[in-house]
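> Chains as they are written, first to last, in the working numbering: chain E, 1 to 135; chain W, 1 to 99.
Do not rely on the hints blindly, as some may be mistaken.
To be verified - Not the full set, but computed from the structure, chain W residues with beta-carbon under 7 Å of chain E:
(1) 59
(2) 77
(3) 80
(4) 82
(5) 90
(6) 91
(7) 98
None of these hints come from the bench; they were simulated from the model.
Where is the CB? At the ideal position from N, CA and C, for every residue including glycine.
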Amino acid sequence: MKELRIEAAIDRLDEVLAFVDTELELMDCPMKIQMQIDVAVEEIYVNIASYAYMPGRGDAIIRLDTDPQRRRVAVTFIDSGIPYDPLAREDPDVTLSAEERGIGGLGIYMVKKSMDDMSYRYENGHNILRIEKQI
Amino acid sequence: MLNIIKTKEADTLNVKLEGRLDTTTAPELEAELKADLGETKALVMDFEKLEYISSAGLRVLLSAQKVMNKQGEMKIIHVNDIINEIFEVTGFSDILNIE
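Next comes chain E alone, as it looks inside the complex (with noise of 0.2 Å):
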């Protein structure tokens, strides 16, 4: 298990990814899976960053969990800000055309479709939302 503690803020999000591409490619992850889990990581962690703690400021917890005989990663973001359940937001209408589409819960409804699993539960003040994927 590793982890990363980080100021949840926009511009530290290279820093992010680097930790979870470290890791990726330890395990010789597929480059087609790295892109799905570094997009489901950005997600999540600009949503962190852009509204768990708002006006204020706060940290992100990254975990990043490997299981390299079976091939399995899971990614654990936990912060203290104001309860959120990504789940439970409705899923974008992606039939819609260019005029009638709106923008919102696309990025959430990208990780719900490329992951493999995705749990949230609030506990003792903390947003776990976790991630998991065969690689």
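Starting from the known structure of chain E, fit chain W onto it as the hints suggest.
This is chain W only, laid out in the frame that chain E set:
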């Protein structure tokens, strides 16, 4: 890291992207397009060297598409398989003109 290479021929704007279109770099593309879309009738975006796109990038493509629907056309060329799958999953393959 995103390189944006713009070339203009008459009222056609060619935009070649190299690198990552993410939360950090999407505002750069948005500003570059905003500066040049005014007179543009045809916008051609070349994704041959684009490696990554997240919802922040999709948001910029959607707003460019909306602008171009009013004043001409937009197409995206040389999309790789990984990015194409993101377009499929999000329904963007029906909104965008991908060649």
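> Each hint needs a verdict: does it hold in this structure or not?
Taking the hints in turn, this is what the structure says about them:
Interface hint status for residue 59 of chain W: upheld, as the beta-carbon distance to the closest one in chain E is roughly 5 Å, under 7 Å. Nearest Cβ of chain E to the Cβ of residue 77 of chain W: about 18 Å, over the 7 Å cut. The hint is violated. About 10 Å separates the beta-carbon of residue 80 of chain W from the nearest beta-carbon of chain E, more than 7 Å, and the hint is not met. Taken as an interface hint, residue 82 of chain W checks out: its beta carbon lies about 5 Å from the nearest beta carbon of chain E, inside 7 Å.
For residue 90 of chain W, the interface hint holds, the least distance from its beta-carbon to any beta-carbon of chain E being 6 Å, beneath 7 Å. Taking 7 Å as the C-beta contact cut-off toward chain E, the hint placing residue 91 of chain W at the interface holds, the least distance being around 3 Å. Given hint, residue 98 of chain W at the interface with chain E, is violated; its Cβ is 13 Å from that chain's nearest Cβ, farther than 7 Å.
In this structure, the earlier hints numbered 2, 3 and 7 are contradicted, and the remaining ones agree with it.
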